[in-house]
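**Q** I would like the entire structure built from these sequences, with the hints used as guidance.
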Amino acid sequence: MSKVRKNNFGLVMAIYLAGIFMGAIDTGIVTPVRTVIQSALGVDDQTGIWMITIYTLAYAASIPIMGKLADTYGRKHVYLISISLFGIGSLACGLSSYFGSFSVLLTARVIQAIGGGGILPVATAEFGTSFPEEKRGMALGLVGGVYGIANIFGSSAGSAIVDIFGHDNWAYIFFINIPITLFIIIAGSVVLDNNKSVNTSKLDFAGIITLTVMILSLLYGLKNIDFFNIGQTITDIKVYPFLILFVLLVPVFILAEKKAKDPVMNLGYFTDKNILITLIISLISGIVMMGMIFIPQFSENALRIQSGSGGYFVIVLGLFAGIGAPVSGKLIDKFGAKLILGFGFAVSAAGAAFLAFVAASHPNIATVLISLGLIGTGIGFTMGTPLNYMMLDNTDDKESNSALAALSLVRSIGTAVAPAVMVGFIAHAGMLVKDNVMAQMPGVVNMPELPYAQEIQDEVDKMKNDPSMKDMADKMQIPDLTRMSMDMDMTSTDSGFEMSPEITELLQSSDVTTITENSKQMAEYMFGQMTPPVISSIQDGIQKGIDSINDSSEKMQKTLETMQTAASAMSDGQMPAMGDGQ
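Once you know that position 73 of the sequence shown is 77 in the numbering used here, the rest is easy, because the numbers rise by one and skip nothing.
Keep in mind that the hints were calculated from the coordinates and are not lab data.
Note that CB positions come from ideal geometry on N, CA and C, so glycine has one too.
Hints should not be assumed to be uniformly reliable.
Below 27 Å or equal to it, Euclidean Cα-Cα: the simulated DSSO-like pairs (lysine-lysine) are [unchecked claim]:
1. K402 to K334
2. K265 to K402
3. K206 to K402
4. K402 to K139
5. K338 to K277
6. K402 to K262
7. K277 to K263
8. K277 to K262
9. K402 to K80
Label pairs and their in silico Cβ distance ranges [what the hints assert, rightly or not]:
10. H81 to K265: 14 to 24 Å
11. I213 to K242: 18 to 28 Å
12. H81 to S107: 27 to 37 Å
13. G14 to Y244: 50 to 60 Å
14. K334 to I234: 35 to 45 Å
15. I213 to H366: 54 to 64 Å
**A** Below is the structure:
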C-alpha cells in the first residue's frame with residue numbers, strides 16, 4: 005500500500021475534502037428549496053418529496069458497492085468516477101429547471117446519489133490507510149469536521165442561494181457543484197495515487213444486487229411507518245411488503261456472501277464484537293445527527309424569536325462540531341479512539357442535559373449557546389473520527405474501503421430513519437396545540453345584555469301590573485330581554501361549534517411570537533360561528549313579542565271600535581245588542 009508523499013499532503017487533502025464537502029452539503033441543500041422546485045415543475049407535495057427520498061435511497065444503496073469497487077479497481081479511479089457522476093448528476097438536476105421536467109430531475113438525483121455514495125468511504129479509507137500513522141488521526145478528524153459542517157449547513161446553503169439568485173434560479177443550488185467537480189477531476193488526475201487491494205477476485209455481483217434490493221426495501225418501508233401509529237401503518241401496502249422482502253432476502257444474501265470469493269460485505273463484521281459495537285455506535289450517531297432538526301425550533305421557542313430565525317443557531321452548532329472533529333483526531337493519535345469516543349458522548353450528554361434542565365427552564369442567549377456549544381463539541385468528537393479509526397483498526401487494510409463503506413451505510417440508515425421518527429414527535433406535539441390553547445380559554449363566555457333591555461322590560465312589567473292592561477299583557481309573548489345573554493361553552497360537544505381545518509393548522513403552525521395573535525383569530529372565529537344562533541334566538545323572541553303586541557293592538561282596536569259604536573248608539577237613545585239572543 006503506497007503512502008502519500010509529504011509534499012502532496014496539502015493538495016491530496018484538499019482534493020478529498022472538497023469532494024466530501026460537496027457530497028455532504030448536497031444531502032440537505034434541497035430540503036428548504038423543495039417547495040420552490042415543486043411549484044416550478046408543477047408537482048404536488050406527495051410527488052415532490054421524491055426528490056429527497058430517491059437521493060437518500062440511491063445514496064445508501066451505492067455506498068457498499070462503491071467501497072468494494074474501490075478495493076478492486078483502486079481508490080483514485082473510483083473516487084474520480086464518483087465525482088464525475090456527482091457532477092453530471094448536478095448539471096442534469098440544474099438543467100431540469102430549463103426543461104421543466106420532474107422526471108429529468110429524479111433521474112439526475114439518482115445519478116448524483118450513486119456518485120455521492122463513493123465519495124465519503126473512499127476518501128476516508130485513503131486518509132485512514134495511506135497517511136502516516138502519526139497524522140492519521142488529524143486527517144480523519146478533518147474528514148469528520150468537513151463532513152459534519154457541510155451536513156449541518158446544507159439547508160442553510162440552499163436557503164441562501166435561493167435568496168441571492170431568486171426562486172426562479174433554483175438550479176444554482178446544483179450548478180455550484182460544477183466548478184468543484186472540475187477542480188477535483190483535474191487535480192486528482194495528476195496528484196492522486198491509485199491505491200487498491202491486491203485481491204483480484206471476481207466481483208460479487210449476486211451479493212451487490214441482493215444487498216442493493218435489501219437496502220432499498222428496508223429504507224423505503226421504514227420511511228413510510230408512522231411510529232405514533234405503528235400498528236396501523238405497518239399494515240400499509242407501502243410498508244409491510246418491503247419489510248417482508250427485506251427479511252426474505254437476508255438468508256439469500258448470507259448464502260451469496262458465503263459462496264463469494266470476495267464478498268461485497270464481510271459477514272464477519274457482525275460476529276466480531278468490536279466491529280459490531282462500532283457499527284451500533286455509528287447507527288446511533290446517525291440518529292443523533294438528525295436530532296439537530298430540532299435545534300432551530302428549540303431556539304425560536306426558547307428565545308421567543310420569529311420562525312425561520314432559529315436556523316442561524318445551527319451555525320453555532322456546526323462551528324463547534326467543525327472544531328471538535330480535528331481536535332479529536334489529534335487527541336486520538338495520543339490517547340486512542342475509545343477514550344476520545346467516550347469523552348465525546350459524555351460532552352454530548354452534558355450538553356443535552358444542560359439544554360433540557362437549564363436552557364429550557366431559564367431560556368436566554370447564554371444558556372442556549374452553552375447548550376449548543378457542548379452538543380456541537382460532542383458531535384465533533386463522536387461523529388466520525390473515532391468510529392472510522394476503530395473500524396480501520398479492526399479490519400485489514402485490503403478491505404478498508406469496504407469496511408468504511410459498511411460503517412457509512414449503517415450511519416446512513418440511522419440518518420434516513422431518524423427523521424420519520426422525529427417528525428412524528430413534532431406532528432404529535434402539534435396535534436396537542438389546539439387542545440392546550442383551548443384549555444387556557446375560559447370555559448364559558450357570557451353574551452352581553454342587549455341595549456335598553458332593562459328599560460323595555462320595566463315598561464312590560466308596568467303593563468302587566470296595570471289592572472286595565474293586565475289581561476292583555478299576560479297574552480303578549482315578549483321575551484325577558486335582560487336574560488337574553490347566552491352561555492357559550494367552548495369545550496362542550498353540544499355547543500355545535502367545530503374547529504375548521506384552517507384554524508387548526510394555524511394553531512399548529514404557531515410559534516411563541518404568533519400564538520397570541522393566532523389565538524385571537526381563533527376566538528374571533530368561534531364568536532363568528534356561535535353568535536348568529538344567539539342573535540337569531542333573540543330576534544325570534546322579539547318578533548314573537550312584536551307579533552303579540554300587534555295581535556293585542558288589533559284586539560284592543562276592535563274593542564275600542566265596539567265601545568265607540570256602543571257610545572254612539574247610547575247617545576242616539578238606542579240600546580246596543582250585548583250578545584246573541586239579547
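**Q** Would you say the C-beta atoms of K334 and I234 sit inside 35 to 45 Å of each other?
**A** holds (44 Å)
**Q** Do the alpha carbons of K402 and K139 lie within 27 Å of each other, as the hint requires?
**A** holds (20 Å)
**Q** Within 27 Å, alpha carbon to alpha carbon, are K265 and K402?
**A** holds (14 Å)
**Q** Run the distance test for K402 versus K80: straight-line Cα separation, threshold 27 Å.
**A** holds (15 Å)
**Q** Run the distance test for K206 versus K402: straight-line Cα separation, threshold 27 Å.
**A** holds (15 Å)
**Q** Hint check: K338 vs K277, CA-CA at most 27 Å. Holds or violated?
**A** Judged against 27 Å, a Cα distance of about 24 Å means the pair holds.
**Q** Measure nothing beyond the straight line between the CA atoms of K402 and K334; if it is 27 Å or shorter, mark the hint as holding.
**A** Satisfied, since the Cα-Cα distance of roughly 25 Å is no more than 27 Å.
**Q** Verify the CB-CB distance for I213 and K242 against the hinted window 18 to 28 Å.
**A** Holds, since I213 and K242 (Cβ atoms, about 23 Å apart) stay within the stated range.
**Q** Looking only at beta-carbon atoms, does the pair G14, Y244 fall within the given range of 50 to 60 Å?
**A** Because 52 Å falls inside the window, the suggested range holds.
**Q** Okay, H81 versus S107 on CB: inside 27 to 37 Å?
**A** holds (31 Å)
**Q** With the threshold set at 27 Å, check whether the alpha-carbon distance from K277 to K263 stays at or below it.
**A** holds (23 Å)
**Q** So does I213 sit 54 to 64 Å from H366, Cβ to Cβ?
**A** holds (56 Å)
Checked against the numbered hints given earlier, the structure satisfies every one of them.
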